Amino acid sequence: MNSEAIIGLEIHQQLDTKKLFCSCDSTLVDLEGLTFTRRLRPTQSELGDVDRAALAEAEKRMKFNYQAPRGVSCLVEADEEPPHDANRDAIEIGLTIASLLNAAPVDEIHFMRKIVIDGSNTTGFQRTALIALDGSIEINNKRISIPTICLEEDAARKIEIKTGEVTYRLDRLGIPLIEIATGPELHTPEEVKIAAQKIGSVLRATKRVKRGIGTIREDLNISIPGGARVEIKGVQELRMLPIYVSKEIERQKMLLEISEILRSRSVPEVTPHFFDCTEIFRNTRSKIVRSSISSGGKVLVLPLKGFAGVLKSADNRFRLGAELAQYARSKGAGGIFHTDELPGYGIDEVMVATVRKTLGLEENDAFVMCADLPTKVERILEAVALRANYALIGVPEETRDPLPDGTTAYSRPLPGAARMYPETDVKPITVDVELITRIRERLPELPESKVKRFVSQYGIHEQQAEQIIREGFEEIFEEIASKWGLGSIAAKTLLNTFPELEREGVGVYSIDDARIKELFQALYDNRFAKEALPDILRLIAKGIPLEKTIEDLGLKTISMDEAVAIIERIVEQRREFIEERKMNAMGPLMGEVMSQLRGKIDGKIASELLRKAIARIIGD
Amino acid sequence: MSYSAKVLSLLENCGATEGDRIIVETGQKKMEGILMPHHSFSNPDVIILKLGNGYNVGIRVSDSTRVRLIEKAISKSMKRSEYAPQIERKTISVIGTGGTIASYVDYRTGAVHPALMADELVSAVPEISEICNVRAEVLFSIFSENMTVQRWQALAEAVADKLGEGVEGCIIPHGTDTMGYTAAALSFMFESLPRPVILVGAQRSSDRPSSDAYTNLIAAARFAVESDVAEICVLMHESPSDTSALIHRGTKVRKMHTSRRDAFKSINAWPIARIHFEGGIEYLSDYRKKNGNRVILKKEMEENVALLYFFPGMSVSKFENILREHRGIVIAGSGLGHVSSDMVHSIARAIRSGTTVVMTSQCLYGRTNLNVYDTGRDLLAAGVIPGEDMLPETAYVKLMWVLAHAASEKDIESMMRENLRGEISQRRELDE
Chain U
1 MNSEAIIGLE
11 IHQQLDTKKL
21 FCSCDSTLVD
31 LEGLTFTRRL
41 RPTQSELGDV
51 DRAALAEAEK
61 RMKFNYQAPR
71 GVSCLVEADE
81 EPPHDANRDA
91 IEIGLTIASL
101 LNAAPVDEIH
111 FMRKIVIDGS
121 NTTGFQRTAL
131 IALDGSIEIN
141 NKRISIPTIC
151 LEEDAARKIE
161 IKTGEVTYRL
171 DRLGIPLIEI
181 ATGPELHTPE
191 EVKIAAQKIG
201 SVLRATKRVK
211 RGIGTIREDL
221 NISIPGGARV
231 EIKGVQELRM
241 LPIYVSKEIE
251 RQKMLLEISE
261 ILRSRSVPEV
271 TPHFFDCTEI
281 FRNTRSKIVR
291 SSISSGGKVL
301 VLPLKGFAGV
311 LKSADNRFRL
321 GAELAQYARS
331 KGAGGIFHTD
341 ELPGYGIDEV
351 MVATVRKTLG
361 LEENDAFVMC
371 ADLPTKVERI
381 LEAVALRANY
391 ALIGVPEETR
401 DPLPDGTTAY
411 SRPLPGAARM
421 YPETDVKPIT
431 VDVELITRIR
441 ERLPELPESK
451 VKRFVSQYGI
461 HEQQAEQIIR
471 EGFEEIFEEI
481 ASKWGLGSIA
491 AKTLLNTFPE
501 LEREGVGVYS
511 IDDARIKELF
521 QALYDNRFAK
531 EALPDILRLI
541 AKGIPLEKTI
551 EDLGLKTISM
561 DEAVAIIERI
571 VEQRREFIEE
581 RKMNAMGPLM
591 GEVMSQLRGK
601 IDGKIASELL
611 RKAIARIIGD
Chain V
621 MSYSAKVLSL
631 LENCGATEGD
641 RIIVETGQKK
651 MEGILMPHHS
661 FSNPDVIILK
671 LGNGYNVGIR
681 VSDSTRVRLI
691 EKAISKSMKR
701 SEYAPQIERK
711 TISVIGTGGT
721 IASYVDYRTG
731 AVHPALMADE
741 LVSAVPEISE
751 ICNVRAEVLF
761 SIFSENMTVQ
771 RWQALAEAVA
781 DKLGEGVEGC
791 IIPHGTDTMG
801 YTAAALSFMF
811 ESLPRPVILV
821 GAQRSSDRPS
831 SDAYTNLIAA
841 ARFAVESDVA
851 EICVLMHESP
861 SDTSALIHRG
871 TKVRKMHTSR
881 RDAFKSINAW
891 PIARIHFEGG
901 IEYLSDYRKK
911 NGNRVILKKE
921 MEENVALLYF
931 FPGMSVSKFE
941 NILREHRGIV
951 IAGSGLGHVS
961 SDMVHSIARA
971 IRSGTTVVMT
981 SQCLYGRTNL
991 NVYDTGRDLL
1001 AAGVIPGEDM
1011 LPETAYVKLM
1021 WVLAHAASEK
1031 DIESMMRENL
1041 RGEISQRREL
1051 DE
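Protein chains in written order, with the working numbering: chain U, 1 to 620; chain V, 621 to 1052.
Honestly, the hints are just simulated from the structure, not real lab data.
Because the structure is a prediction, the values reported are computed rather than measured.
Just so you know, even glycine gets a beta-carbon here, dropped at the ideal spot from N, CA and C.
Errors might be hidden in some of the hints.
[As the list claims (entries may be wrong)] To give an idea of the chain V side of the interface with chain U (calculated C-beta under 10 Å), a few residues: (1) Phe661; (2) Asp665; (3) Val666; (4) Tyr675; (5) Val677; (6) Gly678; (7) Arg828; (8) Thr863; (9) His877.
[What the hints assert, rightly or not] Computed spacing ranges between beta-carbons, pair by pair: (10) U:Ser145 x V:Ser629: 27 to 37 Å; (11) V:Ala774 x U:Ile161: 45 to 55 Å; (12) V:Glu638 x U:Arg438: 29 to 39 Å.
Take the sequences, apply the hints, and build the full model.
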């Protein structure tokens, strides 16, 4: 069934240059800087369609606060100065990536204004240009098309959301992003992962892309047969992609099953008709409901005829209730209760029964209740009713936010067709033969040739080299391998120790490159032995400085004489055992030796010393 | 740059014009999209297409390129909301001079169309109909750098007509570059003004969601209706925030930044008022109040006047004739109002031959004073009129008006030194 899913992947990668339309540094800072306040007004289109008007109504009252830190924002980000010429570096890197992805560059690049009025762009639009078309990658001997490659500016960073007010920081606004979209040709979580890794390795090959969390963001478009296009926007962790995909496929399947059940029960359309049941719940033990009533709120109930058992089934297979709750939350609700989870949360059976009786609900019927301010609670339940009606049809098209546990939550309806018009303040950029020739002559080393070079230059296995590049370790690996000759230890650590520790729950992947380099420098300086690496990583992942880690673990390496002395002492104590077992005593004694010398001296050396010591006794 | 002959003939041969759907084919490469207007910086051999995904791309045409017309553009008429004036509301006249104070974007072609008539304006800025009734007309459609004395005069007549019809005030959307000059010109031309005239501009064009055009226009309508000020004023943002606008006196305002929303500043004066976008008007200085007097328009101007900016090394021989050939000259001098001693002699000769010379300062802030240094004293002795704390641009406009209206030579000097329209202030305090 998985294979029938249709998935498109969109990758947004920050480039490591100055900003796209000014010469600000493209780094994120912890400063607020000066602040100012704006509102955005959707400009009228000639066609003036209805939903746009509704949108205008909705957005009209929004207030946007902007923080403009020095050095990383200027008048251009504040929309107080026209954009400068597009950054040449960014354009050339973009065209380099396009070339590596076998795409055809356009002859002249035209920047567009894509209308975005959520405040994330001070202008009210994002500047974006299509720079190349018809690229492709190959995965599992299958061609995956990359119809478009765009160069665009990143949006401002959301700092705080309050009712009717959003605060953004301008440090991220204007950082060049390359946007790579695959065709809807991926079908499994595994394919998505491989495609993302492949594109990621091409991006990193340029050595001109930003690294670290938040510098690459992925959007997924997923639909299953009978389902609908759902966009999961802004995945930051590549390793989570397959999880989001498989969970979304499951979710859509669940929704289809629910719609079948509802159809088989001939469930009628849900009417947004609410019943004030405040009196019934006045004395509930639920603190949330009680405090809401006492602060002037009321409890409204929305009956859902025929929905019993699909809001939350006993086996937890059906979870429509969670979807209803997400719509409720988008209207500012703290939460809702539904009958599949009641009695519970301080709401007792009598109250539920009273509501059922008052509203004349039958066994197969459910209801949703919400306690909130009178003005708000109706809007909340209207959203719930809307979502309940989608359940009759199946999967609603929507944009969802990825959550850290691999699930997603509703964020907003899918945006309509982008409204774009030319950015007349930015000159068109001619992509001539000379430029393309120069770019093609200077193409960076491709991932495939890097694999071969790593194998021959640093003596690691081909599979290791492939995995290093796939997982994005090529830069740190090469630095460790070339600087300190620790290639195979680095490969083993990055490819084996890291996943092992991750499974233990150690956050190794968030350790930054500088600390990893520091670690290998210390290993090279013989500050500890390689056997101590897992123990050290466990601690530095928690943010403990390397020096302190070495000290705390008692890892100060010892001299050869000291090591010999310790081994001699062990061997003397076990003399009888050795005389009996001869060289076979090696194994059991090694354990004892390492328990005293682990991390203080290289295991191989310890083993060699032990062998000599045993030989001496046998030879006596 | 426009299209090359090659592109022109390709387009002509298939009958394609802007907005049509076409296919451009070169060898294996085939692209379909809507033909877009040619960009002035585009390569002449490049055709710009808007693709199905909304992006524009440039396609270079070669000798083997073929162009096919797929579909002619369908013109769509703009949806307008019905506009019905309401009796209980006051009426404001909006007199357009250029620029797009409100506009519609055609996302299909990217074209930006200005809202020209009252009904278009109201459907683009519906808030305005809750404040007042609107009578809108477009007088000119020019960039403000192309403003002329004749156009100031035509504008002043249009304003006088509208005020004569009894409107509560006039709002003049104006390009920002020379808005200060126009404000000064109107200030001198109206000897009696019963109700306000508000020039309003925008530093971000109205096709953008972040445009300041709408907030400024709405604030202008509110100010015309709610306040009792009857002056020629300029209204623009107070800061980069969309929170308030300032009302500046037309003779004291100058564009002080090329691009910021708060580019306009009152120089050597407090603004008249602050308008909070969320409601409320704060008055910051004295002003002339609305009154029942008749409009008196004196629009004559002496056009043979020039504005000179002094610089070190200014060549006397090059400017000698300019000084002499003009009926009036305003100089933006250095510091307190100085020029080189060579220039002093040249100015003295020009004055003797009948030129009126007024001295202002390129410092902009502060008052000229020709008593402090020798150069100044020499200029005074030569007959130069000190421009007090007038802006050079205001002094220039004023001199044109004074030369057309002074009864005698002596009157010229006294009128130039007298505060006629709030252009000269007697005292300035430390906190300004």
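**Message:** So, against the hints stated earlier in the document, which numbers end up violated here?
**Reply:** Those not satisfied: there are none.
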